[in-house]
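Chemist: The chain contents come next:
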Amino acid sequence: MSWQPRRDGAAQSERPMSSMRVLDERLATASTVENPALEKETQGEEELDVPWQVVVHNDPINLMTYVTMVFQRVFGYPREKAESHMLEVHHKGRSILWSGVRERAELYVQQLHGYLLLATLEKVA
Amino acid sequence: MEICRRNDELEISDLDPFLAELLRQIPLSANPEGAPAAEQRLFSSPADANQKEICAEWKLYVEPELRRLFRSATETVAADLAQLNGKEKSIRNCTLRIPAQHADAWLNTLNQARLVIAAKHDFTDGELCDHYRSPIGSRRDLSLFQVNFYGFLQEFILREVSGFAGTDLD
Numbered sequence: 001m002s003w004q005p006r007r008d009g010a011a012q013s014e015r016p017m018s019s020m021r022v023l024d025e026r027l028a029t030a031s032t033v034e035n036p037a038l039e040k041e042t043q044g045e046e047e048l049d050v051p052w053q054v055v056v057h058n059d060p061i062n063l064m065t066y067v068t069m070v071f072q073r074v075f076g077y078p079r080e081k082a083e084s085h086m087l088e089v090h091h092k093g094r095s096i097l098w099s100g101v102r103e104r105a106e107l108y109v110q111q112l113h114g115y116l117l118l119a120t121l122e123k124v125a
Numbered sequence: 001m002e003i004c005r006r007n008d009e010l011e012i013s014d015l016d017p018f019l020a021e022l023l024r025q026i027p028l029s030a031n032p033e034g035a036p037a038a039e040q041r042l043f044s045s046p047a048d049a050n051q052k053e054i055c056a057e058w059k060l061y062v063e064p065e066l067r068r069l070f071r072s073a074t075e076t077v078a079a080d081l082a083q084l085n086g087k088e089k090s091i092r093n094c095t096l097r098i099p100a101q102h103a104d105a106w107l108n109t110l111n112q113a114r115l116v117i118a119a120k121h122d123f124t125d126g127e128l129c130d131h132y133r134s135p136i137g138s139r140r141d142l143s144l145f146q147v148n149f150y151g152f153l154q155e156f157i158l159r160e161v162s163g164f165a166g167t168d169l170d
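Going down the list, the protein sequences come from chains Y and C.
Note that our numbering gives residue 37 to position 37 of the first sequence, counting from 1, and the numbers run on in steps of one.
Note that our numbering gives residue 166 to position 166 of the second sequence, counting from 1, and the numbers run on in steps of one.
Calculated directly from the structure, the hints in this document are not laboratory data.
Here the structure is a predicted model, which is why all the values come from computation and not from measurement.
Do not rely on the hints blindly, as some may be mistaken.
Stated by the list, open to error - Facing chain Y, a subset of chain C residues (Cβ under 7 Å, in silico):
| no. | residue |
| --- | --- |
| 1 | Pro46 |
| 2 | Val62 |
| 3 | Leu115 |
| 4 | Thr124 |
| 5 | Asp125 |
The beta carbon of each residue, even a glycine, is placed where N, CA and C say it ideally should be.
Only chain Y is shown next, with the shape it has when bound in the complex (with noise of 0.2 Å):
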């Protein structure tokens, strides 16, 4: 296995967070007529609406220059906009990088993680 935080969340088949859980159901509705369960999957279809943030909190041991190299290549961001972040983090102890549909979020908070970030997954109040 490459030691290398995975970038694309495709190429993980046993992945099962929110999208594999929404499948299922689907799977599940699309095989029983009888029983079609289309109040549990507009519930599902709601919690993808839901806006999710990904936030990074401070760490004395990470170096800056580590953090920002991370959030450039996680998230793609220029070097002026990933070392702002990264800064944000430092003076005040978090910095929201990104936010939309939940399954990108955990992506993101794992590839993170595979980078030693303090990482967390929110929803947007």
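Starting from the known structure of chain Y, arrange chain C on it as the hints suggest.
Modeler: Leaving out everything else, chain C in the frame of chain Y:
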């Protein structure tokens, strides 16, 4: 100690036995086993504890993947460090050559080691920012020196592979 890039290799030359030993300690230092605080830091929670479903799925499916990732990086570094084997008792300085394509594995493993050491010793911000602390008079001082030495190596590797410069610590 001298450190430079030569073609496709990062070369750390004129390594005295003490620094060579610190390098040999990298894989061992990166191992969080037996230290709950270090384990918790390397495999931190992906969400607030109230998000039980996310945390449970993460533990089940993502954490094993992260463990494999970290182990793979550590194995790459350990293989590179085999160059230093058999020189433990030598008082002569030695050289370590790191293939440039292993740079990311080194960055990852050095980070693991620094985080594990810091978690084990619970260093204060003051200690971590005191780069001129000397002499080494205790195991704790030595560990702090290790954290800073590994950080210095990380900075060098970052500068060489990514064009990054700077020595400030977060």
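Chemist: Take the hints in turn and mark each one as holding or not.
Modeler: Here's how the hints hold up against the structure:
Because the closest C-beta pair between Pro46 of chain C and chain Y is about 5 Å apart, less than 7 Å, the hint holds. Given hint, Val62 of chain C at the interface with chain Y, holds; its Cβ is 5 Å from that chain's nearest Cβ, closer than 7 Å. Against a cut-off of 7 Å between C-beta atoms, the interface hint on Leu115 of chain C holds, since the closest Cβ of chain Y lies about 5 Å away. Interface hint at Thr124 of chain C: violated, since its Cβ lies 9 Å from the closest Cβ of chain Y, which is beyond the 7 Å cut-off.
A distance limit of 7 Å between C-beta atoms decides the matter here; for Asp125 of chain C the minimum to chain Y is near 6 Å, and the interface restraint holds.
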